[in-house]
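Those protein sequences? They're chains A, B and C, same order as listed. Heads up: the first sequence begins at 74 in the numbering used here, then just goes up one per residue. Heads up: the second sequence begins at 74 in the numbering used here, then just goes up one per residue. Heads up: the third sequence begins at 74 in the numbering used here, then just goes up one per residue.
Just so you know, these hints were derived from the structure itself, not from any lab. Possibly wrong hints are sitting among the right ones.
Examples of chain A residues toward chain C, derived with CB under 7 Å [what the hints assert, rightly or not]: (1) SER172; (2) TYR189; (3) THR193; (4) PHE210; (5) SER253.
In silico DSS-like pairs for lysine-lysine, Cα to Cα no more than 25 Å straight-line [as the list claims (entries may be wrong)]: (6) LYS99/C with LYS218/A; (7) LYS421/B with LYS401/B; (8) LYS443/B with LYS421/C; (9) LYS443/B with LYS99/C; (10) LYS259/C with LYS421/C; (11) LYS97/A with LYS235/A; (12) LYS218/C with LYS183/C; (13) LYS443/B with LYS115/C.
Positions of the beta carbon are idealized from the N, C-alpha and C atoms, including for glycine.
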Amino acid sequence: MSVDVQERNRLSAAVVGESAPDYKRKFSLPQYYYTSPELYRKEMEFLRSKLWLMAAHESQIPKNGDFKLFEIDGESIILCRDLQGDVHAFYNVCRHRGSPVCVTNEGNAKAFSCPYHSWTFMLDGTLKRPRAMDASFDPKEWNLKAAHLGNLDGLLFVCLAKGEAPSFEEFAGRIRPFISQYGLTKAKPVYVQDDLIVTNWKLPLENYRENYHISSVHQDLGRVMGAAMDHSNGESHAERMSRLGRSLPMVYDEAESLYLQQAIQFAFGKDQVSATQDGSAASSLMPTITEWSKGWTYINFNPLSHINLQDDYAIMVFFTPVSETVTKTSMVFLVNEDAVEGKDLDVKKLIDLYVVTMAEDNVVLGRHQKGIESGAYEPAPLALEEDQIVLFHDWYFNRVHGVPTA
Amino acid sequence: MSVDVQERNRLSAAVVGESAPDYKRKFSLPQYYYTSPELYRKEMEFLRSKLWLMAAHESQIPKNGDFKLFEIDGESIILCRDLQGDVHAFYNVCRHRGSPVCVTNEGNAKAFSCPYHSWTFMLDGTLKRPRAMDASFDPKEWNLKAAHLGNLDGLLFVCLAKGEAPSFEEFAGRIRPFISQYGLTKAKPVYVQDDLIVTNWKLPLENYRENYHISSVHQDLGRVMGAAMDHSNGESHAERMSRLGRSLPMVYDEAESLYLQQAIQFAFGKDQVSATQDGSAASSLMPTITEWSKGWTYINFNPLSHINLQDDYAIMVFFTPVSETVTKTSMVFLVNEDAVEGKDLDVKKLIDLYVVTMAEDNVVLGRHQKGIESGAYEPAPLALEEDQIVLFHDWYFNRVHGVPTA
Amino acid sequence: MSVDVQERNRLSAAVVGESAPDYKRKFSLPQYYYTSPELYRKEMEFLRSKLWLMAAHESQIPKNGDFKLFEIDGESIILCRDLQGDVHAFYNVCRHRGSPVCVTNEGNAKAFSCPYHSWTFMLDGTLKRPRAMDASFDPKEWNLKAAHLGNLDGLLFVCLAKGEAPSFEEFAGRIRPFISQYGLTKAKPVYVQDDLIVTNWKLPLENYRENYHISSVHQDLGRVMGAAMDHSNGESHAERMSRLGRSLPMVYDEAESLYLQQAIQFAFGKDQVSATQDGSAASSLMPTITEWSKGWTYINFNPLSHINLQDDYAIMVFFTPVSETVTKTSMVFLVNEDAVEGKDLDVKKLIDLYVVTMAEDNVVLGRHQKGIESGAYEPAPLALEEDQIVLFHDWYFNRVHGVPTA
């Protein structure tokens, strides 16, 4: 690739300065923002210390002893439920020599016994006294390291800050009313999909924030969303939400905010009740939903962590950095825990729209990264429909680099 | 590999100085010239800004709307023919967000519509006004970026200089009389082969410039060329060329030259009319050839771009850097556009000698790179038959690094 | 991975100073000791210049003209036997242009003729006068470069020092009495296994030096070694060794030593005569062994080169760095040259214990490297049974970095 190495090195230094280097507002980012390993490490320091990252839903580890790994930036985090039913998040690193104590992606265990030297950690992270240690060795000082953990109606968030984490309540509080309408504590997962794509982590984020590409890339999603423009459903969406007691003022963060959160309620189109290829329901109503609202809720917890809630299913969407040019995209589909496939649940119908959409995005994004690495690439004006990218850039410079973009 | 990192870093600085560091004339190059990423980037800056690189033959995009990609050093260039029949070269980078606008290696199109956001560029590169842009947006400023393009009897050359390119006429002028004997504007491609090899780009170049390895590596080529030493064809080659009005003084550049060009007419051996395994013809005469000259023309446009012309076919030979230790070798075989397979054309016979030769070289070169990366490698005296490598080194230091080797 | 780049770079400088940076004695090493490319290069400079590395056994190249490659850190060394039967070690790099002169891993040859330009080196490394060289060219100055070579009862050691090598006698002398009990000069190889694992080279070394992991990782080896704890074989091991004239004071080097050598004689358990799954013999007695000693000899030549000798077979164990995070583990099994499969030799039985053990270690070690690359990894106290790792660390800092750890 023709990345300008000197330019890239210059940046590593410059971006700590007073301005956003080489960045023109309402334009795309310069090349090295998508390629520099040094810049990537700086971004990860921010993401690890400041963000609450959505990691899983509690229903993915329903029984005592259940565990599941969440991996980001080469880090492996164990999410597990102890014998009292409490959920924990631990770094998957034995306190003895550093071997992973858990080597399967998910399962059920009585304890984590390191496969190397059998140091054994209980499900609450406490170390059982290992044999053959010096008498002065105090096991209590060598429990598994906990990652900060937050829980919002079963949605599990971790923060990898080495010291204190930002307030979880401040992070989750404003979103809670939107989430709690759906009763996620009584949900269950029916489909999980992970894909690795060869792009910098900011490309899928930018892609997720704009509809400008939908007509080019997403035939199915475009059709479904196009239908949503027609709101002639008798009673208006606002009236219906009010009648159902579900009206909420939207959350819409500015660039100076901590997390750039959004929570917005949208209407579907005529005769449409869910985000499926034909607009019809794919599962029974979510636990605390009593009547079809003919709409859905779009939520950004932060630029990496998202959930869309329909009246019959929720989809968690994750963009997870792996390295400066590799990102993992993930989806977890949740339904009412009482839904039964073949009776009131049709998983294929449920997942099809977003599985197709994600596949289309992943192909386009891999190509996009390659194009950006050209010597001919240069930042250009964004379209009006890409204004959410501008908002992300403003937040990115404000928060990650501590420099204004105005 | 045991590359000396400190030595390599030292070079990055030193080679901009007054001499060719660590280089002894008539010896092979020091190790880091074949391994250093920093040095490679410096070389690419030179190759991109100063060379006219052979990219394709016009007959590979014969119809209006035809296009073909040429890729070098991570860069993708679109060669295309517009609706008026004019040929263009564009950087394959959407002016909006940087995605490639063309994602297939060759084909036919009415326009290039970016698969990401549908920005659409006509075949002459002009941008159709995209929707949803700010009123101040002027499409005329955001056409596809053109690469510099030159055309010599259908041979297409690009220059990736960001500003002005060197004169194409100065580049191509002295070679034109040799090329124009063959009527390439009425040629067509019959075989294309690309291979990736794990070597620095200078190794295949050096290999191409010496016959010293032929007896070891190329049994078939050695036999054909050995036969060529016997010139007892009655009339001498010089007499015949003179009689046919095809005599030309050879072009043979010195190290101070811009491009290190060569154009030389050679005789074949007794009873031999073409560069095939048995020396017999494999196709009908090239468009403007009227009688077998029993010889061929060897042309170096520059160290990366070559063409050999026989009376019945031409072979374009490309060495294209991909990264500091990966290079693409390519061949395009051209014949008279009227030749018909099974009648006056035998493609298998036509390509066999050079396909075998290239395969043999590619194997040897991959090993050679590995050997050079040994801690025991050190430059050694070149053989007399490797004098063309010395000439290349002289040019390389003069032109790429701006330092003399005397 | 979350390796701290700045910390890593800081080390490259700091470790040349007066202390062992970030290292607490009796703790595991900091992360960057297992990941830094710069540190790896520094270590390789030490390993190449100071160590005698076990490379093969002479019986692997038994006939005149036989050759075999030994590869380490991207370097390829030819071990060959010339027409007088003398063994040599050469860098596999043609003195002309640097191509490997030998491109098969083992075989028999009359000479090494470079496959590129046919420069031909005799089996003693002397260059035959190549054609087409300048008259001033003196072939005697361009023989294959020899690596330093030592031979201990057929065990071949190379030293890659560019100048003088350390004394081989000083290296091998103290170990010779242990080796010579077994008559390895009349041994032959019956099984060779090489595996690449994705770890820094120090992890398999540390693993090899401690038994703390055996109960977790090695069910079979643990059972065999557990049995060995019961020494009720009538006559004690010490008495028997004394009666057999095989008693030797153990070699046990301290951290200040050149090579950290060990040579120790151990007893097997009751009814056990060899290191096999059931403790019974798998081959006839080694050439100079006359009676089962019911014990074995454990030898570390240096941290990379090991041999374990049983009365019926020997196993050479190699840990060979490939890059900062790739290592090759190798085993060569030797038996009495007169042993015959199906008669007094059972190869499957012979190799099974160590093939299983090595496979188990390789899996654990690959995971261990990944865990160490976590941001949560930090050095921790070693177990009492890991005291040999502490000794290795002391030697490592003393010898590789020239700094004390006390």
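Okay, the hints, checked on the actual structure:
1. SER172: This hint holds: SER172/A lies near chain C, its Cβ roughly 4 Å from the closest one there, short of 7 Å.
2. TYR189: Hint on TYR189/A: holds, closest Cβ of chain C at ~5 Å, below 7 Å.
3. THR193: Cβ of THR193/A sits 10 Å from chain C, so the hint is violated.
4. PHE210: holds, 6 Å
5. SER253: violated, 33 Å
6. LYS99/C with LYS218/A: holds, 21 Å
7. LYS421/B with LYS401/B: Holds - the C-alpha atoms of LYS401/B and LYS421/B are around 23 Å apart, at most 25 Å.
8. LYS443/B with LYS421/C: violated, 36 Å
9. LYS443/B with LYS99/C: The given pair, whose Cα atoms are some 40 Å apart, is violated under the 25 Å limit.
10. LYS259/C with LYS421/C: holds, 21 Å
11. LYS97/A with LYS235/A: violated, 34 Å
12. LYS218/C with LYS183/C: Answer holds: LYS218/C to LYS183/C is near 18 Å, not above 25 Å.
13. LYS443/B with LYS115/C: The hint holds at about 21 Å.
Checked against the numbered hints above, the structure breaks hints 3, 5, 8, 9, 11 and satisfies the rest.
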